[in-house]
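Protein chains in written order, with this note's numbering: chain U, 11 to 127; chain S, 19 to 134.
One or more hints might be untrue.
What the hints assert, rightly or not - Partial chain U-side listing against chain S, Cβ under 7 angstroms, derived:
| id | residue |
| --- | --- |
| 1 | G26 |
| 2 | H39 |
| 3 | T48 |
| 4 | G52 |
| 5 | F75 |
| 6 | P80 |
| 7 | G82 |
| 8 | F84 |
| 9 | I115 |
As the list claims (entries may be wrong) - Below 20 angstroms or equal to it, Euclidean Cα-Cα: the simulated DMTMM-like pairs (lysine to aspartate or glutamate) are:
| id | chain 1 | residue 1 | chain 2 | residue 2 |
| --- | --- | --- | --- | --- |
| 10 | S | K60 | U | D73 |
| 11 | S | K126 | S | E106 |
| 12 | S | K126 | U | E88 |
| 13 | S | K126 | U | E54 |
| 14 | U | K81 | U | E38 |
| 15 | U | K81 | U | E93 |
| 16 | U | K81 | U | E54 |
| 17 | U | K24 | U | E93 |
| 18 | S | K60 | S | E84 |
| 19 | S | K60 | U | E93 |
| 20 | U | K24 | U | E54 |
| 21 | S | K60 | U | E62 |
Stated by the list, open to error - Label pairs and their in silico Cβ distance ranges:
| id | chain 1 | residue 1 | chain 2 | residue 2 | range |
| --- | --- | --- | --- | --- | --- |
| 22 | U | E93 | S | Q20 | 37 to 43 angstroms |
| 23 | S | I78 | U | I22 | 32 to 38 angstroms |
| 24 | U | N61 | S | N59 | 40 to 46 angstroms |
| 25 | U | Q94 | S | A71 | 43 to 49 angstroms |
| 26 | U | G82 | S | S32 | 36 to 42 angstroms |
| 27 | S | Q133 | U | P80 | 46 to 52 angstroms |
Keep in mind the hints are simulated off the structure, nothing from the lab.
Predicted model, so just to flag it, every value in this text is computed and none were measured.
We put the CB at the ideal spot given by N, CA and C, even for glycine.
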Amino acid sequence: DTGVSQDPRHKITKRGQNVTFRCDPISEHNRLYWYRQTLGQGPEFLTYFQNEAQLEKSRLLSDRFSAERPKGSFSTLEIQRTEQGDSAMYLCASSDPRAREAKNIQYFGAGTRLSVL
Amino acid sequence: AQSVTQLDSHVSVSEGTPVLLRCNYSSSYSPSLFWYVQHPNKGLQLLLKYTSAATLVKGINGFEAEFKKSETSFHLTKPSAHMSDAAEYFCVVSTYSGGGADGLTFGKGTHLIIQP
């Protein structure tokens with residue numbers, strides 16, 4: 011499968027614990043995005059990377075959230091001291107702005123569903 | 019600033035009848051518009067995109083959408099619904115402002131129900 015993959019698919023944690031999610035983009039896609047989707051809502055943009063550089067962060071990304079993409083390939087999203095309000099689906103997407111036909115298209119993974127008890 | 023309004027949170031149609039999912043957008047720049055579909059436990063899948071070429075856009079699985087600038091609308095249609103079309107549909111706008119990400123702005127979604 012050459013699509014965007016995310017791991018784990020589900021994560022249950024207790025309030026106050028730290029969690030980390032991983033995203034592997036489509037190979038050679040140099041842009042990688044993180045979104046959060048809460049129940050009954052559309053996904054909301056969190057942050058994005060161009061290669062290893064994190065170029066934009068949404069106001070939704072509090073200080074407890076940190077994302078990395080150290081080698082410009084896979085990315086991790088860490089949430090420290092989780093709160094019940096962090097319960098959501100975390101989606102990753104990738105794109106290749108150099109692709110002529112697919113320039114503006116983001117391809118999504120299946121997401122990681124986080125439940126904070 | 020950009021935003022998307024999906025006018026119906028739920029749409030129910032009978033199998034074999036037409037589907038209409040309504041979307042209005044607001045954008046300061048010339049937008050790119052998309053429809054994505056989300057089936058349970060699956061990733062978001064692109065149905066179609068509009069990027070300032072033809073105003074009538076054909077997508078996968080028989081879906082199409084028409085960009086109407088005067089009405090700021092981008093409604094999704096399909097002539098004949100199939101049971102497998104039951105899913106959540108998102109209208110999405112992307113505006114590259116030149117200063118940041120082409121992060122997508124999603125509508126709240128329309129849940130499409132297909133009655134047998």
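Quiz item: Which hints, by number, does the structure contradict?
Solution: 1, 2, 3, 5, 6, 7, 8, 10, 12, 15, 16, 18, 19, 20, 21, 22, 24 and 26
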